[in-house]
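Just so you know, the protein sequences line up as chains H and L, in that order.
Here our numbering is used: the first residue of the first sequence is 1, the next is one more, and so on.
Here our numbering is used: the first residue of the second sequence is 1, the next is one more, and so on.
Think of the hints as simulated: they come from the structure by calculation, not from any bench.
You may find that some hints are simply not true.
Claimed, not checked - Straight line, CA to CA, 20 Å or less: simulated EDC-like cross-link-like pairs of lysine to aspartate or glutamate: (1) K227(H) x D127(L); (2) K227(L) x D313(L); (3) K227(L) x E8(H); (4) K227(L) x E10(H); (5) K227(H) x E8(L); (6) K227(H) x D313(L); (7) K227(L) x D127(H).
Said to hold, decoys possible - Heads up, incomplete: computed chain L residues facing chain H, CB under 7 Å, no partners named: (8) P18; (9) T48; (10) D77; (11) K81; (12) T89; (13) G124; (14) T129; (15) P144; (16) F148.
Using N, Cα and C, we set each Cβ at its ideal position, and we do this for glycine too.
2 protein chains.
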Amino acid sequence: VARRIQNETELIQTYLAPLTRAAPGAFGLNDDAALIAPEPGTDLVLSTDPVVAGVHFFETDRADDIAWKAIAVNVSDLVAKGAEPLAYTLALAFPAAPEAAWMAEFARGLASAQAAFGCHLIGGDTDRTSGPLSIGVTAIGVLPRGSFVPRHGAKAGDHVFVTGTLGDSALGLALHRDPSLYGSALTDGDRSFLLGRYLRPSPRLAMTSVLRAYASAALDVSDGLAKDLARLAGGRGIRVSLAALPLSPPARAALAANPRVIGAAISGGDDYEVLFAVAPDQLADFEKAVALAAVATTRLGVLNGPPGVVFIDSEGQQVEIAATGYDHFGTA
Amino acid sequence: VARRIQNETELIQTYLAPLTRAAPGAFGLNDDAALIAPEPGTDLVLSTDPVVAGVHFFETDRADDIAWKAIAVNVSDLVAKGAEPLAYTLALAFPAAPEAAWMAEFARGLASAQAAFGCHLIGGDTDRTSGPLSIGVTAIGVLPRGSFVPRHGAKAGDHVFVTGTLGDSALGLALHRDPSLYGSALTDGDRSFLLGRYLRPSPRLAMTSVLRAYASAALDVSDGLAKDLARLAGGRGIRVSLAALPLSPPARAALAANPRVIGAAISGGDDYEVLFAVAPDQLADFEKAVALAAVATTRLGVLNGPPGVVFIDSEGQQVEIAATGYDHFGTA
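Extracted from the complex, chain H is given alone in its bound form (with noise of 0.2 Å):
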């Protein structure tokens, strides 16, 4: 029989206080608050973007995907920000004591999301509920004061760029759940990238100081692009040709087996993307930074004309967008 953990005391000091030791204001989980004392010059930046087992996970993913994938999504908000992770702290709620074993696993996932991101566990509780696992993080990010990159900043005329490629996530999300899907159109290697992107997301960290000296405005695409593309252009409208649209090689290999995986790049969301304006007088310093940043972006269209996003096929025919994101509580 798997062992469970006994307490709280062993939950908090076995497996999450060794995630504090680089953080002295987490005062190794043994107070009730943690510390941030803000280098002088700077802001903080807050994401908090829980997480839940049958919305945002599987209750039998791997503990350490879990995890990772907790921590990404808030830290991709961050940098879409223009900031630096700094911190973070975690809120779990167990349906019930978890397994040594699993609480260890999830513990290497958060170790390995702060290598990768460069934060620290500051501070959280554990506690019991009813209900189905819940992971609640409040990232913590810092940047130089004033530099702030916000969500509705953008001006007509801006060009619109998005980083790395787009729909893999809902893929890997349609593979979780049949992995059958686009039979021989997929190669094993296919399939392992596109899982990975669901499971294991890479918020683009090289990106924020481009985008505090260069962006207009930016957020992150996790709601699918149509979405966030429409929150970006706010009251200016946008078009974007569907040849535009990056896609990995993965992804254009199941494009070619069913012409609605296009839906997935624009509509699937979880992409943890980077989708940013930049001013025309910006654009030349922007490609020489982008370029020494190693990121791969690409433009979209310029901000312009009337309210509204609209996607263009090849023959330049206006195409229909069923989904337009997701919305916990619509009934649409």
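Dock chain L against chain H, hints included.
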């Protein structure tokens, strides 16, 4: 039929965004992250204590009381560290789209707590869950750099104090479950007072500057006096006379009806009073400052000798404490 909220936009813009009006860094909840610009010479303090229906409150409790308590339990942690409440993030997970009337009452409870504690909503998240209603709060407080009051800072010879009265909330919870408890020993006013102490705890904000100036260590009493006193004492011991425990008149009335009521004061928990230590050479100045702050405090004893918290009855006999505090995962 009661109207339910239609979508996330209504939930956020109608009920939550108005709570951010005085906090420019909240961006009206229209951004993915919140911004805090710390004043030079200050440190920030973070507390993360979620509350879950069926664990920390009853689903049938009034929405404004639920909201108040979710903020208050976190503010209580800040206060015990000497920090002034500044802001909070809110992660709401609903089993179903809430009714508009419920959500309006919940927002009124948040507004009351904000006014009472001097803090503002700056960000958060709303989700669906297959579990019970869950309210994740991360509260942020501020204090002069270097003035954080740690949990583990007390020395042998320090005097230990507690604010207010103990056991009221545990009695209020018992009355919440059985309104006829203690029969004619309690008046309607007594019942109302005790229930109020359970539903609407009042963190001792007036103590923050006194704690910063004079407390060598502090924490709030949330898991019961016995458990939290052992935490404060660390490697030292303390003997506490039951006669010294501060009890409200309604708690004294309940105690007269049932001597076991003393257990509520010792291990009931949910008190949200501040337990703190003061060095002997600070006592005179502390007494003056606390009188100015107009917060009732009671001296429980002096830290000394071997580790251990011992309660002594009126005949000088050691009292056996059955329950030593709440553990979400303990099997004892």
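Restraint check for K227(H) with D127(L), where alpha carbons must lie at most 20 Å apart | 17 Å, holds
Holds or violated: is there a CB of chain H closer than 7 Å to the CB of T129(L)?
-> 5 Å, holds
How about G124(L): closest beta carbon in chain H under 7 Å, or not?
-> Because about 5 Å separates G124(L) from the closest Cβ in chain H, which is inside the 7 Å limit, the hint holds.
Closer than 7 Å between Cβ atoms is the bar; does P18(L) clear it against chain H? Give me holds or violated.
-> 18 Å, violated
Under 7 Å, Cβ to Cβ, is where T48(L) needs to be relative to chain H, so tell me if that hint holds or is violated.
-> 4 Å, holds
Within a Cα-Cα threshold of 20 Å, do K227(H) and E8(L) meet the stated pairing?
-> 13 Å, holds
Given hint D127(H) paired with K227(L) - CA-CA distance at most 20 Å = 17 Å, holds
Hint validity - F148(L) Cβ closer than 7 Å to any chain H Cβ | This hint holds: F148(L) lies near chain H, its Cβ roughly 5 Å from the closest one there, short of 7 Å.
Verify the interface restraint on K81(L): the C-beta must sit less than 7 Å from at least one C-beta of chain H.
-> 5 Å, holds
Holds or violated: P144(L) as interface residue toward chain H, Cβ cutoff 7 Å?
-> 11 Å, violated
Could you check if D77(L) really has its C-beta closer than 7 Å to a C-beta on chain H?
-> 4 Å, holds
Holds or violated: T89(L) as interface residue toward chain H, Cβ cutoff 7 Å?
-> 4 Å, holds
The structure fails to meet hints 6, 8, 15 from the earlier list, while all remaining hints are met.
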